[in-house]
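K.L.:
Sequence:
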Amino acid sequence: MDPTATILDLHQLRRSCGSCALHELCLPGGITAEELIQLDATVRDKRTLDRGDTLYREGDSFGALYVVRSGSLKTFVQDEDGQMQILGFHLPGEIVGVDALASDRHMSQAEALERSSICELPYTRLQKVVAEVPALNRQLMRIISREVVEEHRHMVVMGKQPAQERLAIFLASLADRYNRLQRDGTRLTLTMSRSDIANYLGLVVETVSRVFTRMEEIGVLEVNRKAVRILQPEQLASLCGMNSRPDLQRKDAS
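Going by our numbering, the final residue of the sequence shown carries number 267, and the count climbs one at a time with no gaps.
Accuracy of the hints is not assured; some may be wrong.
[To be verified] As a list, the in silico SDA-like pairs of lysine to any residue whose alpha-carbon atoms are at most 20 angstroms apart:
#1 59 x 108
#2 239 x 202
#3 59 x 84
#4 59 x 124
#5 239 x 127
#6 239 x 207
#7 239 x 177
#8 239 x 85
#9 239 x 206
#10 59 x 85
#11 239 x 226
#12 239 x 208
[Stated by the list, open to error] The calculated label-pair distances, taken between Cβ atoms and stated as ranges, are:
#13 232 x 120: 38 to 44 angstroms
#14 207 x 94: 30 to 36 angstroms
#15 171 x 46: 44 to 50 angstroms
#16 219 x 148: 19 to 25 angstroms
Note that these hints are calculated values from the structure, not bench results. Just so it is clear, the structure is predicted and the values come from calculations on it, not from any experiment. We put the beta carbon where it would ideally sit given N, CA and C, even for glycine.
All chains should be modelled from the sequences, with the hints used to inform the complete structure.
P.N.:
Shown next as structure tokens:
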């Protein structure tokens with residue numbers, strides 16, 4: 014027996030979809046070993062971005078979709094005067110780059126909020142795989158649909174006048190996404206700046222800081238710089254008009 018046959022390629026193992034902690038989020042249930050090998054052959058080696066690094070810029074030609082494997086990103090557009098409008102914040106398991114599907118050019122820019130790892134899915138190769146693995150195509154559409162829902166939620170937030178309601182919805186949404194990652198949805202780490210949050214919500218920084226302080230004073234939150242602990246999930250849900258939502262129930266943090 015060839016002794017080299019038993020040697021593990023650790024690099025391949027680290028980049029394998031089957032060994033990734035996001036397996037349940039990105040892949041359909043029941044995917045076969047053969048289908049997994051097909052997908053692994055499609056995914057390029059992970060790309061690592063440091064804080065502030067750009068994944069793609071507005072106007073870049075489209076060649077791939079990207080899955081956030083670790084860390085977080087923000088997407089935004091800028092006008093001719095350099096004024097920025099943040100479109101979204103993206104956590105592990107979420108896809109970025111779908112803005113280019115219609116025109117074959119990116120309509121926004123994606124930038125790392127912290128050191129992040131990205132799985133690159135070359136679109137031409139991905140199309141071939143999803144044609145052969147229908148379940149993967151459905152899963153991909155489900156993930157993209159989730160991104161669209163998040164954009165719609167943002168539009169709803171922007172239409173809400175009270176600043177407190179905007180921030181409450183933002184934190185509730187972030188808690189939902191933490192729960193999906195099997196993280197404690199009552200303990201959030203805000204990798205984005207207060208300025209970024211204010212921009213995203215259509216507020217000024219001073220207003221965001223004031224609302225955080227107000228939520229602390231009424232006992233909803235505990236804030237320590239970028240660490241936010243949701244002390245009263247039910248009251249936070251009430252602040253954004255979602256007091257019956259089961260996905261914002263407090264987890265045992267002990």
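K.L.:
All hints, please: hold or fail.
P.N.:
Right, here's what the structure says about each hint:
Using a Cα cut-off of 20 angstroms, the hinted pair residue 59 and residue 108 holds, with the two alpha carbons roughly 14 angstroms apart. Restraint check for residue 239 and residue 202: the C-alpha separation of about 6 angstroms stays at or below 20 angstroms, so the hint holds. This hinted pair checks out: residue 59 and residue 84 have alpha carbons roughly 13 angstroms apart, not beyond 20 angstroms. Only pairs whose Cα atoms come within 20 angstroms are accepted, and residue 59 paired with residue 124 is accepted, the gap being roughly 16 angstroms.
Our distance criterion of 20 angstroms between C-alpha atoms is met by residue 239 and residue 127, whose separation comes to about 13 angstroms. Under the criterion of a C-alpha separation no larger than 20 angstroms, the hint pairing residue 239 with residue 207 is consistent with the structure, at around 9 angstroms. With a C-alpha separation of about 18 angstroms, the suggested pairing of residue 239 with residue 177 holds against the 20 angstroms cut-off. As the CA atoms of residue 239 and residue 85 are separated by approximately 14 angstroms, the hinted pair is consistent with the 20 angstroms bound.
The straight-line distance between the Cα atoms of residue 239 and residue 206 is roughly 8 angstroms, inside the 20 angstroms bound, and the hint therefore holds. Restraint check: the Cα-Cα separation between residue 59 and residue 85 comes to about 14 angstroms, which is no more than 20 angstroms; the hinted pair holds. Proximity of residue 239 to residue 226 is assessed by CA-CA distance (about 13 angstroms); at most 20 angstroms being required, the pair is judged to hold. Between residue 239 and residue 208 the CA atoms are separated by roughly 12 angstroms; this keeps the pair inside 20 angstroms, and the hint holds.
For residue 232 and residue 120, the hinted distance range of 38 to 44 angstroms is satisfied, since their beta carbons lie about 42 angstroms from each other. Distance hint check: the CB atoms of residue 207 and residue 94 are about 22 angstroms apart, inconsistent with the given range 30 to 36 angstroms. Roughly 45 angstroms separates the CB atoms of residue 171 and residue 46, a value that falls within the hinted 44 to 50 angstroms. Between residue 219 and residue 148 the beta carbon distance is about 49 angstroms. The supplied range of 19 to 25 angstroms is therefore violated.
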